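**Student:** Protein chains in written order, with the numbering used here: chain Y, 4 to 451; chain S, 2 to 81.
Bear in mind the hints are in silico, worked out from the structure with no lab data behind them.
Among the clues, some could well be false.
To be clear about the criterion: a stretch of chain Y counts as covered by chain S if any three or more of its residues have a C-beta under 8 Å from a C-beta of chain S, and this derived list gives those stretches [to be verified]:
1) 6-17
2) 347-357
3) 387-395
Covered stretches of chain S (in silico footprint by chain Y; criterion: 3 or more residues with CB under 8 Å from a CB of chain Y, positions within the stretch not fixed) [said to hold, decoys possible]:
4) 14-26
5) 37-44
6) 57-69
Bear in mind the structure is a predicted one, so any value in this text is a computation, not a measurement.
For every residue, glycine included, the Cβ atom is placed at its ideal position computed from N, Cα and C.
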Amino acid sequence: MEKLVFERPFIKKLNSGMPSKFGLKTRMEPITEIDEVSVKELIDKYGSPLFVISEKTIRKTYKSAERAFSTRYPKVQFAWSYKTNYLDAVCRVFHKEGAWAEVVSGFEYEKALRNNNPGDQIIFNGPDKSRKDLELATANGSLIHIDHFDELYALIDLAEKSEKKPKVAIRINMDTGIYPQWDRFGFNYENGEAWDALNRIMLSGNLDLVGLHTHIGTFILSADAYGKAAAKLADLAVSLERKYNHVIKYIDMGGGFASNSNLKGAYLPGSDTVPGIDEYADAISSALINSAIKPDNLPLLILETGRALIDEAGYLLGTVLANKRMADGRRSTILDIGVNILFTAFWYDHNIRPAQPFSEHSEETAIYGPLCMNIDVLREAVDFPPLKKDDRVVINRVGAYNMTQWMQFITMRPNVVMIDEKGGVHIIRRNETIDDLVSLEKLPPHLK
Amino acid sequence: MKIKKNIAVSESGFVFDPSTGESFSLNQVGLELVELLKQGEDFDAIKKEILEKYDVDEISFEKYYYDFINSLNQNQLLED
Ligand SMILES: Cc1ncc(COP(=O)(O)O)c(C=O)c1O
Numbered sequence: 004m005e006k007l008v009f010e011r012p013f014i015k016k017l018n019s020g021m022p023s024k025f026g027l028k029t030r031m032e033p034i035t036e037i038d039e040v041s042v043k044e045l046i047d048k049y050g051s052p053l054f055v056i057s058e059k060t061i062r063k064t065y066k067s068a069e070r071a072f073s074t075r076y077p078k079v080q081f082a083w084s085y086k087t088n089y090l091d092a093v094c095r096v097f098h099k100e101g102a103w104a105e106v107v108s109g110f111e112y113e114k115a116l117r118n119n120n121p122g123d124q125i126i127f128n129g130p131d132k133s134r135k136d137l138e139l140a141t142a143n144g145s146l147i148h149i150d151h152f153d154e155l156y157a158l159i160d161l162a163e164k165s166e167k168k169p170k171v172a173i174r175i176n177m178d179t180g181i182y183p184q185w186d187r188f189g190f191n192y193e194n195g196e197a198w199d200a201l202n203r204i205m206l207s208g209n210l211d212l213v214g215l216h217t218h219i220g221t222f223i224l225s226a227d228a229y230g231k232a233a234a235k236l237a238d239l240a241v242s243l244e245r246k247y248n249h250v251i252k253y254i255d256m257g258g259g260f261a262s263n264s265n266l267k268g269a270y271l272p273g274s275d276t277v278p279g280i281d282e283y284a285d286a287i288s289s290a291l292i293n294s295a296i297k298p299d300n301l302p303l304l305i306l307e308t309g310r311a312l313i314d315e316a317g318y319l320l321g322t323v324l325a326n327k328r329m330a331d332g333r334r335s336t337i338l339d340i341g342v343n344i345l346f347t348a349f350w351y352d353h354n355i356r357p358a359q360p361f362s363e364h365s366e367e368t369a370i371y372g373p374l375c376m377n378i379d380v381l382r383e384a385v386d387f388p389p390l391k392k393d394d395r396v397v398i399n400r401v402g403a404y405n406m407t408q409w410m411q412f413i414t415m416r417p418n419v420v421m422i423d424e425k426g427g428v429h430i431i432r433r434n435e436t437i438d439d440l441v442s443l444e445k446l447p448p449h450l451k
Numbered sequence: 002m003k004i005k006k007n008i009a010v011s012e013s014g015f016v017f018d019p020s021t022g023e024s025f026s027l028n029q030v031g032l033e034l035v036e037l038l039k040q041g042e043d044f045d046a047i048k049k050e051i052l053e054k055y056d057v058d059e060i061s062f063e064k065y066y067y068d069f070i071n072s073l074n075q076n077q078l079l080e081d
C-alpha cells in the first residue's frame with residue numbers, strides 16, 4: 004500500500020470567525036512549477052537556494068509596458084536600468100526586445116558596451132562619472148546626464164580639448180507632490196537651478212544639449228506625480244525653444260513605477276494598490292501632448308523603468324532548514340534564504356509560498372534566514388502552513404535589485420538560472436566557490 | 002501525560018473543549034494523533050501506527066510528535 008504524505012501534526016485555536024491581524028483568510032496556493040519546470044527538479048539539479056528568472060515573463064512584461072506607452076505617445080524608447088539587474092543574460096533579453104542601456108557607473112558602462120550596445124544608445128546617469136568615464140562616453144557619443152555643476156564644468160573643460168561635442172542632458176529634481184522629494188540628484192526646478200544649468204550649457208557653445216531628464220523616486224504609487232513632472236520638463240523644453248530656438252530630442256522620465264510587491268507597512272497587497280502601467284503611461288503622455296511643445300517638435304519619450312519590468316520575472320527557491328518554538332510559544336521556520344541574498348526583504352513583505360501541496364491549516368510563523376545574525380528576518384509574522392525540514396519554498400517577485408545588491412556575507416551566492424521561452428534551463432551566473440572568493444585575497448609574507 | 006477526556010473531536014478535525022469553551026482545528030495527522038491519544042495509546046503504539054500509514058521516518062516523527070504535544074499543552078488540552 005502506498006503511504007500517505009506526512010504533514011507535521013498541527014492544532015490551531017479558532018477565533019469565532021473574527022478576522023485575525025492577518026485579515027480574512029485568503030487561500031494560499033503552492034508554487035510547484037515555474038514556466039512548467041518543476042521547482043523540485045530545479046532545486047535537485049541546481050541546488051538550494053536558487054534564483055530563477057523567467058525569460059517569458061520578462062518579454063511579456065516588456066511588451067505590455069511598451070504597448071502601454073506606444074499606443075498613447077508617438078515616439079517611445081525604454082532604456083534598461085542596469086543597477087536593477089545587470090546579469091548579462093537579463094540585460095540581453097531587454098536589449099533584444101529593443102531597450103537601450105541606462106547606467107550609473109564606469110563599471111555598468113563597461114557592461115553595457117560588452118553587451119553590444121552602440122555608444123549612442125547608452126544613457127550615463129549618476130553623480131559618479133570620472134574624467135576617464137566622461138571622455139569615453141563622449142568619444143562613443145553616449146548620452147551624458149549631468150548631475151551637478153562640478154560635472155557640468157568638467158564637461159565644458161573636456162569639450163574644449165576633445166574633437167567631439169559631448170551629448171548631454173541634465174537631471175532635474177522637482178516638487179511633484181510626493182514625499183520624500185528626491186532633491187539630492189540633479190538640478191532643482193523650482194528654485195531656478197535647472198534653468199541656470201541649461202543656460203550655462205547653451206552659452207558654452209561646446210556641449211550638445213539633447214535632452215531633459217528626471218527620476219522622481221522609486222516605487223512611486225502616484226501616477227499623477229509623473230504627469231506633474233512631465234509638464235515641468237515640457238515647460239523647460241518650451242523655454243529653450245523660445246530663448247535659443249533650440250529643440251531638444253528627448254525627455255527622459257526615469258524609472259520608479261511600482262511593481263506588484265508588497266511594500267512594508269502597506270495595508271493592502273501591492274496588487275490592490277499599485278497603479279497599472281497604463282495609468283503611468285496615460286499621465287505622462289497626456290502631460291507631454293497637452294503641453295505647449297509644438298506637435299512637430301514632440302521629443303522622444305525615454306523611460307528607465309527598472310523594478311516594474313523585472314520584479315515579476317524573478318523567483319528565489321529555498322529549503323526549510325528547521326522549525327522551532329520560541330520562548331513565547333510562537334512558531335519559527337528557518338530557511339536557507341537569508342537577507343544577504345534577499346536584500347529586498349528590508350523593503351518588502353515578501354510572498355513566501357510552499358513548493359508542495361499542503362493542508363488548509365496554518366499558524367502564525369516567523370520566517371528567518373540561515374545567518375547567525377539577528378537581522379536575518381524574512382517575515383516577522385505571517386500566517387503560514389506547517390512545513391517540515393527539507394520542504395521547499397518559493398519566493399516570487401524578486402527580480403529587481405536582489406541580484407545586484409546581494410552580499411557575499413557568511414554564505415556564498417547561489418546559482419542563477421534562466422528558463423528560456425521553450426522551457427530550457429540555463430545557468431546564467433554560477434554559484435560562488437571558496438576558490439573564487441579567496442583568489443581575491445593576498446597573504447603578507449610573514450603570515451604565510 | 003494524557004489528553005482531556007471530555008473534549009469533543011469531529012471527523013473533520015474540529016475540536017471543542019467544554020471546560021474552556023475554546024474550539025480548535027486539527028490537520029489530518031493532528032486529528033489522527035488526538036484520536037489515538039484519546040484511546041489511551043502510548044507513544045510506542047502511536048509511533049508504530051503512524052509509521053505504517055504515513056511516509057515519515059522515525060526521528061522526524063518523534064520530533065514533530067513532541068512538538069505537537071507541546072502545543073496541546075499550550076492550548077490546555079492535556080490533563081495535569
Ligand atoms: C536614474 C535612475 N533611472 C532608473 C532607475 C530605475 O528605477 P526603478 O527600478 O524604480 O524603476 C533608477 C533607480 O533608482 C535611477 O536612479
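**Student:** Hints first: check each against the structure and report whether it holds.
**Tutor:** For each hint, the structure was consulted:
no.: 1; hint: 6-17; verdict: holds (count 12)
no.: 2; hint: 347-357; verdict: violated (count 0)
no.: 3; hint: 387-395; verdict: holds (count 3)
no.: 4; hint: 14-26; verdict: holds (count 5)
no.: 5; hint: 37-44; verdict: violated (count 0)
no.: 6; hint: 57-69; verdict: holds (count 7)
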